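Line order of the protein sequences matches chains A and B. Here UniProt numbering is used: the first residue of the first sequence is 1, the next is one more, and so on. Here UniProt numbering is used: the first residue of the second sequence is 1, the next is one more, and so on.
To be clear, the hints were calculated from the coordinates, so they are not data collected in a lab. It is possible that part of the hints are untrue.
Computed footprint of chain A on chain B, listed as stretches where at least three residues anywhere in the stretch have a Cβ under 8 angstroms from a Cβ of chain A [unchecked claim]:
hint	segment
1	116–129
2	133–139
3	193–207
Everything numeric in this text was worked out from a predicted model, so none of it was measured. Built from N, CA and C at the ideal position, the CB exists for glycine as well.
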Amino acid sequence: MKKENYTISAYTENNIGLLNRISSIFSKRHINLDSLTTSVSEIKDVYRFTIVVQVTEDQARKLVGQIEKQIEVIKAFYHKDEETIFQETALFKMASKLLFEDREIQLVIKEHIAHIVTVTPEYFVLEKTGSRQEVELLYDRLEPYGLMQFVRSGRIAITKDKMHISKILENFSIASS
Amino acid sequence: MQTQTAPAKINLKKKTVTGAEAVILCLLEEGVDLIYGYPGGAIMPVYDELYKYRDQLHHVLTRHEQGATHAAQGFARASGKVGVAIATSGPGATNFVTGIADAQIDSTPMVCITGQVGSHLLGTDAFQETDIIGISTPVTKWNCQITKAEDIPTVMAKAFYIARSGRPGPVLIDITKDAQFGSLDFEYKPCKGVRSYIPVPTTTTESILEAAELINQAKRPMIVFGQGVILGEAEDEFKTFIEKTGIPAAWTILGLSALSTIHPLNVGMVGMHGNYGPNVLTNQCDVLIAIGMRFDDRVTGNLETYAKQAKIIHFEIDPAEVNKNVSVDVAVMGNVKTTLNQILPHLIKNDYSNWLKKFKEFQTIEHETVIDSELNPSSGNITMGEVLRHINEFTNGDAILVSDVGQHQMVTCRYAKFNKTKSNITSGGLGTMGFALPAAIGAKMGAPERQVIAIIGDGGYQMTIQELGTIFQTRVPVKIVVLNNDFLGMVRQWQQLFFDKRYASTEMINPDFVTIAKGYRIEANSVSERKNLKSAIAKMLSSDEAHFLEVCVEKESNVFPMIPTGASVSDIRLS
Chain A
1 MKKENYTISA
11 YTENNIGLLN
21 RISSIFSKRH
31 INLDSLTTSV
41 SEIKDVYRFT
51 IVVQVTEDQA
61 RKLVGQIEKQ
71 IEVIKAFYHK
81 DEETIFQETA
91 LFKMASKLLF
101 EDREIQLVIK
111 EHIAHIVTVT
121 PEYFVLEKTG
131 SRQEVELLYD
141 RLEPYGLMQF
151 VRSGRIAITK
161 DKMHISKILE
171 NFSIASS
Chain B
1 MQTQTAPAKI
11 NLKKKTVTGA
21 EAVILCLLEE
31 GVDLIYGYPG
41 GAIMPVYDEL
51 YKYRDQLHHV
61 LTRHEQGATH
71 AAQGFARASG
81 KVGVAIATSG
91 PGATNFVTGI
101 ADAQIDSTPM
111 VCITGQVGSH
121 LLGTDAFQET
131 DIIGISTPVT
141 KWNCQITKAE
151 DIPTVMAKAF
161 YIARSGRPGP
171 VLIDITKDAQ
181 FGSLDFEYKP
191 CKGVRSYIPV
201 PTTTTESILE
211 AAELINQAKR
221 PMIVFGQGVI
231 LGEAEDEFKT
241 FIEKTGIPAA
251 WTILGLSALS
261 TIHPLNVGMV
271 GMHGNYGPNV
281 LTNQCDVLIA
291 IGMRFDDRVT
301 GNLETYAKQA
311 KIIHFEIDPA
321 EVNKNVSVDV
331 AVMGNVKTTL
341 NQILPHLIKN
351 DYSNWLKKFK
361 EFQTIEHETV
371 IDSELNPSSG
381 NITMGEVLRH
391 INEFTNGDAI
401 LVSDVGQHQM
411 VTCRYAKFNK
421 TKSNITSGGL
431 GTMGFALPAA
441 IGAKMGAPER
451 QVIAIIGDGG
461 YQMTIQELGT
471 IFQTRVPVKI
481 VVLNNDFLGM
491 VRQWQQLFFD
501 KRYASTEMIN
511 PDFVTIAKGY
521 RIEANSVSER
531 KNLKSAIAKM
541 LSSDEAHFLE
551 VCVEKESNVF
561 PMIPTGASVS
571 DIRLS
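Start from the sequences and build out the full structure, keeping to the hints where you can.
Shown next as structure tokens:
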């Protein structure tokens, strides 16, 4: 079976050690994470892991089964790229003199719809949000000018499908009341 | 899911206690009266309370923390209750890891409690500090560190609930020393649910009906059952199921004893050293019904050629096990006790006499080529099989047999007679040498009315031999049989078959085991001649006390049949 990008989303309780528990599911199977992001979710006190891996669909299904089996995971899903809306954010730190000495860099910023976060006499910081490809294109354009620092976030993704997490939690509170 | 249970026992009068005392009170609330452990610095406040509560909560001092976990496992497997083990931080906690991993892979309900350095010292590399939460995460069903005394009752209640519910497993609770010294108003509410955890998945009516249709239409159906039948306490339902349908049933080693070994529809063991018939016929059946088992690689052999011709039905409680190793046609989710009951009314009895005859034919071949000479040898050294034959004659299938790991384990599982459930206790998934001696101690305490016989090889015996001290101190009347071939026999067998007899580090120069047992004041005997074997076993089994018997067996015998690694179940070798 063909390996492709899968975005795994897990809705969880906020628990110390859960990150270790989830990441060990991948390391046990010798699977590298392309990216991992944790954040709050749309539900109070419920957290969300967004993990990107290059695997086969069969592997993705089994990984989700193992993740969901963990006590503090409410529900986990896997999605292909076309089933999600996803973005990454990158920050570029560059010398400020470039802005004034080479007007072309301003055009690059405009063209790539990047955003200047801060400017100091020594450096400026540029933020770009978009797909991996869009970020990489900008990187390729800016790299020749000299990057003082570069960092890119993990993927965050919203699915086109509904997740029904609130329903699961609602059912539990009805059953236990 | 509406749960109908008796009103929770709630202490109306709250009592201010220390965290350490709360740990004991929680155990008592959960009905625990026996725990296994080893004291040390970071768990001393709890031990101090154990001293005060010694009339209500009995503590068994093992000789190593690993022994405490295996004893707790043996207790759990024999009694069906949650086993409890307790140890200190650092090395005490890390010595737990093997037993926890064993309990995880064999689905044994166990709660392990470890002490931890004071919370202000966490992360400072303090004396006997180790990150046991981090270390135990991949091998626990759940784990949790407690740093505040007031969290103890809720976390302990959750620990017991998680350990015993759904597919059972081990839970580790790590309690910092300041949490043990701290105080709280004690109130205990048993845990009834965790919102992110569904212990038993919902069974769909469609799955029941689809499974019933496949079963009813089958011409050559075969059942493979595992420990799920025992853990789900579904032995009666399972027996009714096979008797109503007349379908032959084979078992995995953890399923052994869920069905009497002399039941006419019990066709033996599947897997690497299982019986000839059920292995070969796995690749001839038209419907394979897997009940409470997980298609371990030792059961399936090469997956590419495993039961490809068959429709497969999987009765299973753990959704992550379905379609993990083997793709199935129908998955019936739920506790097998419930699902077997649900499917029963839809099933009809069919005539499978020609199909059953095939099992008989293979059985005859296996008897002639392997079994008869193993059980009834007329010359040569004592075989492992004939030891089992004599034990069977005396126990009539009523005893609990606790085996270790290796050739003797396969022989025990192949030849032991059982007519009661929870009788075969062995380390299945992890294959932990050293399991049997401490597990037998726990098994005897978990089922004191039953005869408990540990059957161990000379290698595994020496991995936890210090637990003879626990037997000496507690006077627990377990019987210990060491089948001594002066070799790490299973590894030697592989070296003979697959490594041109290069016996790298498998020969053992062994001590005088009888003298060692006698040093612990345990009655001990050794036999090496056939004519003395029966009376030595009789003497051991008639003793009311612990008894050690060394049987010097044939040094270089092999366990057959055998499915070589990577081969198909139907390519099982008889020699």
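**Request:** Check, residue by residue, whether the segment 133–139 of chain B contains three or more positions whose beta-carbon lies closer than 8 angstroms to a beta-carbon of chain A, and give the verdict.
**Result:** Holds, because 4 residues of the segment 133–139 of chain B bring their Cβ atoms closer than 8 angstroms to Cβ atoms of chain A.
**Proximity test - 8 angstroms, beta-carbon atoms, the segment 193–207 of chain B to chain A, at least three hits** = With 5 residues in contact (Cβ-Cβ under 8 angstroms with chain A), the coverage given for the segment 193–207 of chain B holds.
**Request:** Mind taking a look at whether chain A covers the segment 116–129 of chain B? Criterion is 3 or more residues with CB to CB distance under 8 angstroms.
**Result:** violated (count 0)
Hint violations for this structure: number 1 only, all remaining hints satisfied.
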